[in-house]
Each structure stands twice: as structure tokens, then as C-alpha cells.
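Enquirer: Chain order of the listed sequences is A and B.
Per UniProt numbering, the very first residue in the first sequence carries number 1; after that it's consecutive.
Per UniProt numbering, the very first residue in the second sequence carries number 1; after that it's consecutive.
Among the clues, some could well be false.
Partner residues aside, some chain B positions facing chain A, computed with beta carbon under 7 Å [stated by the list, open to error]: (1) SER39; (2) ASN70; (3) ILE85; (4) SER89; (5) VAL289; (6) ASP290.
Stretches of chain A that chain B covers, calculated by requiring three or more beta carbons in the stretch to come under 8 Å of a beta carbon on chain B [unchecked claim]: (7) 87-97; (8) 213-227.
Read the hints as simulated data drawn from the structure, not as lab findings.
All values derive from a computational prediction rather than experimental measurement.
Backbone N, C-alpha and C fix where the C-beta goes; we use that ideal spot for every residue, glycine too.
There are 2 protein chains.
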Amino acid sequence: MKFGGTSVANLDRIRNAAERVRLEVAKGYDVIVIVSAMSGKTNELVGWVNETSAFYDAREYDAVVSSGENVTAGLMALTLQEMDIPARSWQGWQVPVQTTSAHANARIEAIPSANLDEKFAQGMRVAVVAGFQGVSPEGRITTLGRGGSDTTAVAFAAAFDAERCDIYTDVDGVYTTDPRISSKARKLDKIAFEEMLELASLGAKVLQTRSVELAMRFNVRLRVLSSFEDPSDTAGTLVCAEEEIMESNVVAGVAYSRDEAKMTLISVADRPGIAAAIFGPLSEAGVNVDMIVQNISEDGRTDMTFSCPTDQVLRAEKAMQTAKDEGTINYHDLVADEAVAKVSVVGIGMRSHAGVAAQMFRALHREGINIKVITTSEIKISVLIERKYMELAVQTLHDAFELEKAA
Amino acid sequence: MKFGGTSVANLDRIRNAAERVRLEVAKGYDVIVIVSAMSGKTNELVGWVNETSAFYDAREYDAVVSSGENVTAGLMALTLQEMDIPARSWQGWQVPVQTTSAHANARIEAIPSANLDEKFAQGMRVAVVAGFQGVSPEGRITTLGRGGSDTTAVAFAAAFDAERCDIYTDVDGVYTTDPRISSKARKLDKIAFEEMLELASLGAKVLQTRSVELAMRFNVRLRVLSSFEDPSDTAGTLVCAEEEIMESNVVAGVAYSRDEAKMTLISVADRPGIAAAIFGPLSEAGVNVDMIVQNISEDGRTDMTFSCPTDQVLRAEKAMQTAKDEGTINYHDLVADEAVAKVSVVGIGMRSHAGVAAQMFRALHREGINIKVITTSEIKISVLIERKYMELAVQTLHDAFELEKAA
């Protein structure tokens, strides 16, 4: 059971979360609870680090920032003890959660189960583990990057072969789209790992992408649910293997990403290696290129279009100018359109259903929405459109695929 | 160098403290810096623990409460790095600071120097250690009791054979008495361990008593100084071995303790073992008995008087009533006088100077201050007086022994 920052924001909320743990213990389960820092705490600590040092030593960042989870873990253990549940707190190094040395963005390498197993055998019913943190081979404290407690939770579920991994958050599950945009958005009972992965990376901020990857790799059944609603065994959304989902819509959900920019290099020499010459420097400059489209070549020259987050436009322009100055690429102009958004439909059902793309394009066309760029994967179709049409597009596609109805 | 909570209360103060560290590094010293939590932080954490659980698991208390020092240690290391000083933070378990398992009040058992020595050999100039904490043989986090960072500092000074242990606090040294009570109070350049120990235990809250005991045992030269004044090599007060002090007044200082109560058991049977029958139960009830006086016996009965802090009077009365009910002691009445205070003169010079007690009693008599109870040790004379005369008594004794003048 993993409780995010808003679910442990104060002592009352910690008690509320502990009550949910108590229900699972009463059913006979031993429980590993992963806790985040009380909401706001991590931001406060990060703020102090940034104010102290602009180019900080990530090892010290980790030492400071990890302290928020330690506080919650101790308080949660005490709260459970007050309910007569044998519980104790575990900091990352005590488990130990062994990670790489990539401070501030470490990856979990192993979670030896011996220490917790010994205490479970001695009567401990709940291990409260500080999320988001681990220990490097050098014995320094590491953190897993923002949202890393989700990854901690999935990694523990995998290491201890847990029956389930429940992620308590401030939303009550995964929706067919953002309910703030479409009032017809419907909570999904189940969603496949692959779909969740596409939705997570498309900006549906329910789960950290890495946690979903990990869950898929180790087939950990993830349940996303709210700590603010009545607990029940069927609450929330189960993220699971495709095979567990008997019936599903062809399209599972409509995702969007608001702050996209479309960049076009006009009249680039169309020669072998040109893509590498363009996207190598962009990658080195830290630009996250998403969609790429190359126009048909004419007279040995072509236009190359790509998308990236709007706050990386300047960086992209600088990288391209440098490459031009160095003579590794040659182009006439670089045009940036910063008023675009990305809308995507996602669903494992697309693998076996043809015509989803055509249906999507028709629906957008009916509303007069022009498509600027298209990309597709096996289970996803994304389009870049004018940002002002984004909400309309989401609503239109939600209607077109009848996502308000369960399969 | 140890910096208390007010000396690291915010990022500005941490920078100020780091500046003092920089001066020592510039002189060529390798430095171990011990930091407390930012002032207020530990109280906040303790408050949360108390609110969560009235009879809390001290192991979880320690896990929660120790986090404040970890934050300061990381921020201090970052601040020093910003000054181009190779520094890193160390949490108790990383050093490791090995302690007993007496959670919330653990004692340091050993500080193996290998880990820090290795990093010093590799170029680290400053080790910033989180004070107040350690690790038990079971691998749980321990804390040393309030004010424990002083003890951490002295223990490191002893373990690493430091040239000096500088305790930075919000006062600029040890005074002949509390300057708030006597405007003539004078800062001492030097004070002997034994004197400091008596002053600390008498309520002069400059240093934790245990830290002074430890400094005396390992002959660690302690310097108490303010982090808010200009740094200089002769600032503050040096707490050191008697032999280092060439000249000193017979009386080093006048201490006081305001919230004392005088308890008298009227008409107790004067028989062998009666003292054990009285003070055994008081000790078990957690009453800190300080002074004890037994009247001359008459007809096989006597009066027994003792002092304790006022907030332990109810506990003492209950313990005595229980002992009476159980028949282990018999007394006519228990009279509590909660309006008394203790005033003491302390000085190693008393060992070789007779007449200090007489001089003290004469001075109090001249002001019409009645002495209720007297106790003496080799280097201290304490009297219990009416609380309303406490300040007058302190001023009178400071004048009588001419403490405003250096030896």
C-alpha cells in the first residue's frame, strides 16, 4: 500500500491512511506500506537546497530531500502501533533498498528481503517504508526522482511477490480522459499496463512512468485508488496484464499534452545521416523530441518537423543554430509554432481493429480541426493540433469512440 | 565545531556558521562540524510524535526526531561546497556513531574513525556530522536526549584527538552568574571541567552535563562561544583541566535553580534503613531528589527534609503516601514548601580555601535572607532559601566574592 503526499499531509490524514492498513491486516495480510513526505515538505527541502547552491552536489540534495519520507514513516508506524498493530518504520538504508549511484535520479537494483522477512517472522504485521529513497553502493543516500515513491511501491511488490500493489492518491482511479475537460469521462475498472504506460507518458500524472514499466516487467497488479473515499475491494482502477482484461473498448482513453511546440527546419539538405545530424545535437542539448515528420524531398532538399515541450524551444533553436554555424547541418529557416497541443487515443484493442485512425481523423475533420502532425504506434495515435482546439478535440474523440460506455 | 539550533536557524545563519568553518580550514585544519536541527524543527517533530502517540515507541520517536539534523548537515555541506571547500555530510549511521539501544536517551559507545579518516585522506576538508543521533547494535536510529549534539561534538573531539572542540551557541561564553540577574556578571576566560559540571547541573544551560563529563574524562578542551560575534582565537570561554588555569578566584560563579520545592516528612521513625525506605520509592517514582537533611533524632523519631523540582511534588507525595499505606515507612505529616529556590557558589579554589561557607552565610545573613537547607561538596556550597530572595541572594554573593573582578 502506497500513500502519496496528500494522503499523509497531516496527522489526521495519516490516521485515515492507517485505518485502511488496519482493514488489510484484519483480513490476514502482512502489509508493506510505502509513504511519501507530507505534502509540501519535499518542495520546502528542495527550495532550501536550490537557495543554498545553484549547482548542488546531488549527493547532498538526496541527503536533505529524503528526510521528509523518514518523518512520515515514523509517524505512520506510531499511528499503527496506537491501533495495536505491530508495525515499524524502515528507512531506505535499513531495508536496504539498493540503488545505482545516479543521485537524484537513482534506479533500484535490488531489494534483499531478508531483513523484513525476519521481522515479519517475528510478528511484525506492517513494515512502513520511507518511499523515494535508497542507498548507493558507496553507502550514500539516494533518491529516485520526483514521484519515485510509486516506483518504490512497485519494486517492493515485486521483491516480496505481493498479491497486489495499491497506490493511494488524491484521484479515485484512471479515467477515460481528464474529467476537468470532459464531463463524460468514465473511471476505468481495469486498464492494461501498455495503455497505462502510454497514458502516463502522455501527461496523465496518476502514476510515475517508471513505476508502470516496472509493474509490467514483473507483472505486479497495481491498483490506483483514492485515500479519501470509502474503502472497498473493487474501488479504483486495476492496472494489470492484458490477459486479465476480458472485455475492453478498442480505445481505452483520450490523453492530451498542452504545452507542445512544433518546430520546422525549412529546406534541409536531404542526405544520408541528416536525421542524426539534427537530432543528435538536440538530444545533447536536453531537448525531448517527441514527434518527427519529414516532408517529401524536392530537388535534394526537404522540410523536417519535430515537436518538443514549449519550454525547450529556445534550447532547440540554440542547438540548431550552433550546428548550422559548425556546418554540420544547413537549413533555410527554423520556424517555431508554440501554439500547438497533442491529443492521443490509446487502446490495446487497436492491435486487432483497423480503422481507428480513419475514425479519429473523420471526427476531428467534422469539427473543422486541422491536423498538423500525426504519429502512430501499435496502441496509440497522436495528432498535433492548434492549442485552442485541444479541449474540443478531447471531447469530440471521447464521444466518437463512445468512451462513456463500458465495454 | 558544533553549531546549535539558533546558529543554523535559517540559510543565512548556516552561511554565517560556514564562514567560521572556512576560517579554520584556511588555517590548515581539517574540521569536523556537528550540527543541530534548525531551531524549532525538533520541537515540531516531537510535537507530532506526542500528538500521534501518548506512550510512543522510542525507536520511532528517534527515527522521526533525528531527521532535523540530517537536513542541516546536508545544507551545511552544500554551503561549504559553494565556498569551494571539499565537504560532505554524514548521518549517524554512516560514520557510524555506535550507541546503546536506550532509545531517546542513548549513550555513545564508540565512534570508529576509519570512514572519516579515509575521506580526509582523499581530500575531504570538512565532515559535517548530524548531531544528537547514532545507530544501535540492532541497526535502528538512536538519539542522545535533548542537547545531545554537545555530547556528539565532545565524543568526536575525543575519538579524533581534536586540538579543540568549539561549541557555538547563542551566548558568548560562561559567566560568573546569569547576566539577566546581575549586571556585574563577568564572562570567564577559562573554567575548570569540575566547575562547569556543577554549573551545568545547577541549571546554567550552556552545555549539556553529559558533554562536560565526557570532555573531562577525555580531557577535550571545550570552547563555548557565540556564532553571532566576530570570530577570534580568544573569544568565548575555555572549559579545560584545572592544571591549565593558572590564576582563578576562589569562587568561579554563582548558580541558581528557581523551581525547587522543599519537602519535610514530620516525625519519621529513626531506625536503620529508614533513608532507603524513603528514597527508594521516590527514585522509583522518578523524583529527582537533590538536597537531603535529617534533623537530630528525639525519642526515636526525626524529621527528614529533601528538595526536588516543583513539578515533581505531586509524584513525591503519592510515592510517600503509597509507602505509608504499605507500612514500609511511618510519618506524621508531609509538608511541601513550593516557594523555595537554590543558590550555589562553585569554585575549585574552595578546596584550598577555608571559610568560603562562613563568608557565604554571613553575606546572606546581612541581607536578612534565611537559609532553610544547606549542602556542600568539595567545590560547591548550595543553600535553599525563600524564592522571593533568590535574585537578591545571587547579587549579594556575586558582590561578596568580588566576581566582577578577574583573578
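Enquirer: If you test the structure against every hint from before, which numbers come out violated?
Expert: Violated hints (numbers, rising): 1, 3, 5, 6, 8; every other hint is consistent with the structure.
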